[in-house]
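*Asks:* Here's the letter readout for the chains.
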Amino acid sequence: MTGDSLFRETMRAAALGKAEEASVLYDRIPKSELNNYHMFVVAFFAAALGVRFRDGQSLSEIKRFADEMRYDYRDVQPPVKQLVIEGLIRGMLGEEQMFDEISPEEQYRTQLLAIRKIVGQSPEMQARIEDYLTDAETLAAQWQSEG
Amino acid sequence: MSALGELLAKVAADKELVADLAARAAATKQAVEDAKAKASEIGAEDVAAGLARVEAELEQVESGRTVLEGSLEKARFQVEAAISGTGLGAPSSAHERLAEHHPDGLDVMPPHERLGRNPTGEQLMGKDPSVGPFQKEHENANSDKNLNPFARGARSAVRNSGDFKDGLDALSKPAFQSMQVKWDPPADNYYPTVGVAEPISTYTAPQHAQADLQNPVGNLFVVAVLVADWAARGIRKWKGNS
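Chains as they are written, first to last, in our numbering: chain A, 13 to 159; chain B, 53 to 294.
Treat the hints as calculated values from the structure; they're not laboratory data. The model shown is predicted, which means the values in this text are computed figures rather than measured ones. Treat the hints with care, as some may be off.
No more than 30 Å apart at the CA atoms, straight line, and that leaves these computed lysine-lysine pairs for BS3-like [said to hold, decoys possible]:
| no. | chain 1 | residue 1 | chain 2 | residue 2 |
| --- | --- | --- | --- | --- |
| 1 | A | 75 | B | 81 |
| 2 | B | 234 | A | 93 |
| 3 | B | 88 | B | 62 |
| 4 | A | 75 | B | 126 |
| 5 | A | 93 | B | 225 |
| 6 | B | 225 | B | 289 |
| 7 | B | 81 | A | 30 |
Rough simulated footprint, nothing fancy, chain A against chain B, three-plus residues with beta-carbon under 8 Å [what the hints assert, rightly or not]:
| no. | segment |
| --- | --- |
| 8 | 199 to 210 |
| 9 | 231 to 243 |
Glycine included, every Cβ here is placed at the ideal spot set by N, Cα and C.
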């Protein structure tokens with residue numbers, strides 16, 4: 013299995029809540045490919061946000077999402093942070109300075125948790141997950157070619 | 053491509069026909085000139101003048117024919133460019149380009165016929181006026197119009213995080229686990245309280261009770277305090293004196 017399809021498989025399993033499978037697949041990703049894997053996760057996060065916020069990207073929509081997410085993950089440790097979620101989404105929308113205030117680790121973890129929520133609550137994303145994974149692949153490849 | 057090939061053949065054939073017309077028009081004109089000269093010789097001035105008008109009209113026909121021939125030649129070049137994909141204004145997709153530049157057919161009509169009396173510079177240059185001077189004009193220029201808005205900042209999310217392989221290793225599996233076990237949305241995805249702003253709590257400063265003529269109990273209390281105070285002073289004074 014090539015790197016790209018490993019990213020796909022890992023992401024699909026994780027997004028659908030199959031932690032075991034995702035972990036096994038993750039271990040098979042070569043260390044040298046991890047940066048590309050990370051790029052792919054961010055790209056897929058962007059694709060998922062595009063679905064969740066298709067009808068509007070207002071601050072109140074973002075806040076509502078963050079509220080919901082905090083509720084969904086109310087038992088998780090460490091807890092998800094409202095401002096981190098909001099900042100992350102606003103950063104993705106172009107307020108890039110937001111990323112300076114959220115550690116890469118926190119970004120990555122929040123992205124994954126948000127992906128699970130969005131995919132879990134979107135029948136469309138579940139039905140067309142292969143298409144969205146391909147979109148993410150395309151976007152990540154574009155970033156790579158831009159260097 | 054075959055359709056364009058046919059078009060090219062047709063344009064070439066039309067051009068040949070028009071070129072043939074030139075020879076015939078020239079022959080006719082020659083005949084008219086000869087007739088005019090003879091009419092002048094025999095002194096039939098009216099006939100000569102009439103023939104001169106015919107000659108002028110023939111000249112107009114010839115000039116119109118020349119324009120038509122030039123236009124056909126131009127059309128042939130355009131079709132050839134469209135087929136070969138090179139040359140003047142060659143498009144990546146011949147069909148698309150022709151449709152885009154010449155919505156009413158090929159560019160064989162003079163601009164004032166095609167575009168009205170006062171065509172703009174953009175129209176004359178065959179440019180899309182909706183494309184600004186600093187915008188890309190190539191055929192895919194608008195393809196990112198419908199791009200996911202979240203892709204805008206995502207690039208810098210990647211760039212900003214830089215190299216954090218250790219972080220990925222440390223976080224991935226626990227996060228996968230949380231995604232499976234800790235994600236617990238409400239049934240039917242209905243969030244009754246989430247998303248509703250808390251009402252803003254207002255702070256009201258405590259009001260001072262004021263002596264109010266309309267409030268007998270309060271007034272009586274104030275009076276009682278004053279009396280007690282006066283009495284206390286009196287007693288202290290009396291004690292001091294003794």
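*Asks:* Work down the list of hints and note, for each, if the structure agrees.
*Replies:* Status of the hints after comparison with the structure:
1. At roughly 86 Å between alpha-carbon atoms, residue 75 of chain A and residue 81 of chain B are farther apart than 30 Å, so this suggested pair is violated.
2. Proximity of residue 234 of chain B to residue 93 of chain A is assessed by CA-CA distance (about 15 Å); at most 30 Å being required, the pair is judged to hold.
3. In summary, the hint linking residue 88 of chain B to residue 62 of chain B is not supported, as the alpha carbons are separated by about 39 Å, beyond the 30 Å threshold.
4. Distance check on the hinted pair: residue 75 of chain A and residue 126 of chain B sit about 61 Å apart at the alpha-carbon level, beyond 30 Å; violated.
5. Restraint check for residue 93 of chain A and residue 225 of chain B: satisfied, since their Cα atoms lie roughly 20 Å apart, inside the 30 Å limit.
6. The hinted pair formed by residue 225 of chain B and residue 289 of chain B fails the criterion: a straight-line CA distance of about 86 Å is larger than 30 Å.
7. Between residue 81 of chain B and residue 30 of chain A the CA atoms are separated by roughly 91 Å; this puts the pair beyond 30 Å, and the hint is violated.
8. Beta-carbon proximity to chain A at under 8 Å applies to 11 residues in the segment 199 to 210 of chain B; the threshold of 3 is reached and the given coverage holds.
9. Proximity of the segment 231 to 243 of chain B to chain A, defined as three or more residues with a beta carbon under 8 Å from a beta carbon of that chain, is established by the 10 residues found.
Of the hints listed earlier, those the structure fails to meet are numbers 1, 3, 4, 6 and 7, in rising order.
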